[in-house]
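Student: Use these hints to put chain B onto chain A, whose structure you have.
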Amino acid sequence: MKRRVNYNEYIFNTINVTIMILFSITMLYPFWNTIAVSFNEAIDTIRGGITLMPRRFTLQNYRIVFSNGTIFHAFLVSVARTTLNVLTNVFFTAMIAYVLSRPNFIFRKQFTVILVVSMYINAGLIPTYFLIKNLHLLNTFWVYVIPSMVSAFNFLVIRTFLRNIPESIIESVRIDGGTDFIIFFKIILPLSKPVLATVALFVAVGAWNSWFDTLIYASSKVNLHTLQYKLMEFLQSSQAQSRSAGDIGSMALSKTSNMVTPVSIRAAITVIAATPIIIVYPFIQRYFVIGMNLGGVKE
Amino acid sequence: MQNGSNRQERYVKLKKLNNTLVSQKQMLIMSVPIILYVILFSYVPLWGWTMAFQNFRPSKSFFQQEWVGLKWFKFLFSDPVFLRTIRNTLAMSIINTSLGFITAIGFALLLNEIKSVAFKRITQTISYLPHFLSWVIVTGLVATMLSVEDGAVNNVLLAIGVIKEPVLWLSEPKYFWGVIGATYVWKELGWNTIIYLAAMAGVDPTLYEAAEIDGCGRWRKMWYITLPSIKPTIIILLVLSIGHILDAGFEMQYLLRNGLVQDVSDTIDIYVLLFGLQRSNYSLATAAGLFKNVVNMTLIFLANELVKRTGEERLI
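Heads up: the protein sequence lines correspond to chains A and B, in order.
Taking numbering that gives the first Met the number 0, the leading residue of the first sequence gets 0, the next gets one more, and so forth.
Taking numbering that gives the first Met the number 0, the leading residue of the second sequence gets 0, the next gets one more, and so forth.
With the rest of the complex left out, here is chain A (with noise of 0.2 Å):
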C-alpha cells in the first residue's frame, strides 16, 4: 500500500516536472532562437535550420543595424521618450497621489472622483485623435509626453503607500515650518522610493513597448519613429510584400550591403528592441515580490 502510494508520487512528479520543462521551451525557445539568427551570418540563415546556436557567428547584423541612421535614430527617440515618461509621468503622479492623501485637503474627495473615473471612461480613438490635433500635438515629439504625464492607477498604488507614512512625521516637519512643498520634496519624495521605483518600472516597460501612437500621430515624421514602430514595420513587410513602409525600410538597409537580409536584420532589432526590457525585468520581478508582499500576500 505504502510502495503504490510513493510509486504514484514518482509518477506524478515526473510528469508534472516534464510539462514544466516543456513549457519552459516554449516560451524560451522562440526568444533563443531570434537571438542565435541574430548572431548568424545572413546569407547562410537562408539555408535554414538555425536553431539553439548561430552556425556561423558574426557580429555584421547589428553592426548593419547600428550605421543605419534611421534605425540609430529610432533607438535614441524611443530613450528619449521612456526617460520623458517616466520622470513626468512619476514626479506628478506623486505629487497628486501626496495632496490626495491629505485628510484635510478641501477638494479631496471631488478631485479623487475626477481621477478614479478617469480610468473607466474611453472617449475612444478619434475624439481622442482630434484632441492632439487641436492641441497642435500631432507629428510633434511632444504627443509621446503630454499626453501621459499623469496614471490615475499609479495614483491608486502610490496613495495606497503614503497611506503607510506616519502622519507625526508629516506633522513635526510642518510644526517647524515646513510647507507643503518642503514636505513633498524633502520627506514624502526620498521616503516613498521604493513604490516610485515600481511605478517607474512599469511607465518604461509601457513608454518602451509603445508603437500605436506613433502610428496614429506622428507616422508621417519619420524622425519622430521609435524603435519598435520600425521592428513594426519589417514584421509588416515580411508578411505582406505589398505594404511598401516596410519596403522602403529594408531597400534602404540593402543598400547599405548586399550582405544582409530581413530576416537577419529584423532578428537583431527584436534582440535590441526586447534588451532593455531583459534588462531590467529582475528588478521588475524584486518590485513584484516587494508588491504582493505589501498586498499582505503570504509566498
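Keep in mind the hints are simulated off the structure, nothing from the lab.
It is possible that part of the hints are untrue.
[Stated by the list, open to error] Pair ranges (Cβ atoms, derived):
#1 A:T69 with B:S115: 41 to 49 Å
#2 A:I181 with B:R9: 31 to 39 Å
#3 B:L156 with A:Q109: 34 to 42 Å
Owing to the predicted nature of the structure, the values given are computational and were not obtained by experimental measurement.
C-beta atoms are modelled at their ideal positions from N, C-alpha and C, and glycine is treated no differently.
Tutor: Frame of chain A, contents of chain B only:
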C-alpha cells in the same frame, strides 16, 4: 434679524473657506493644474462623441456641422463588414478569455505541486517574461515560429508526423482565431497565474494533512482542496472579464492580420482605425467607437457592482 444672522453665518463660512484656501495654497498649486490636465485629456474628448451624430467635416466649425441623427448607427448595424467585426470581436474575446482561464488555472495547479522551490521559481520567472515584451516583438516571434519556411512549429509537426506538408498558419482564415488564442496564452499565461498562486498560498496546510490521512493522492487533493479554495478568485475574475467582452485585444490582430484573413481578423477597434484614420470617415468611426465604449463602460460598471455585492473584492 433672522436675515442678519444668516448673512453673518455666510460671512463666517466664506471667511473660513478663504482661510482654508489660503492655508492650502501650496496643495492647490500642486493639484489644480493636474486635475485640469486630467479633465482635458480624459473628459473633454467625450465632447467628440457629437461627431457620431453629424456629417462631420474637420474644416467646419461646430455650428456649421450638419446633424444627421442616428444615420451612422443605422448604417453600422446594416453593414455586413461591421457586423462581422462584432462577431470577430466576440469570438476572439471569448476564445482568449476561456483559454486564458483554463490554462492559467491548470498551470497554477501544476506549479503549486512542484516541491523544489528553486525549480518553481525558475519556471515562474520564465513564464512571466513574455508579459513584459511588446506585442510587436511577440507577434514577430509568433510569425517566425509559424513560418512556412523553416518555422519551428511546422518543423516539429512534420518531424512527429502530424502533418505531411507545412501549414500556412497565418494566411488561412480557419486558423486565425486559434493563432490569436495561442499567442495570447503564450504571452499572458504566466502573468495570469500570479493571482491563483497567491490564493493557493493562503490555503490552510492542515487541510492537506487531513486529506492525506484519509488516503487522498495528489490529484484528489488538487481537486477537492486546492480548486475549491481558489473558487472565489476564479468567480470574481470571470465576472470582471465580462466587462471586457468587447476588448478582444487590438494589437495582436492588427499586427498578425493580412489581406487573406481580414474577414476573421478585424475587430471593432481595427474597423474604427481603418474607417476613421485611413479613410477619414470620422463620423462613422466615432459611431462605431461610441457603440463599443458605451457597451464596455456599462459592462465594466455592472461587473464591478456585481463583485462588490459579493463582498469579495478584497481578493483582487
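Student: If a hint holds in the structure, say so; if it doesn't, say that too.
Tutor: So, going through the hints one by one against the coordinates:
Against the hinted window of 41 to 49 Å, the Cβ-Cβ separation of T69 of chain A and S115 of chain B comes to about 48 Å, which satisfies the hint. Range check, I181 of chain A to R9 of chain B: about 35 Å between beta-carbon atoms, so the 31 to 39 Å window is met. The supplied range of 34 to 42 Å is broken by L156 of chain B and Q109 of chain A, whose beta-carbon atoms lie about 60 Å from each other.
Comparing the model with each numbered hint stated earlier shows that hint 3 is the single one that does not hold.
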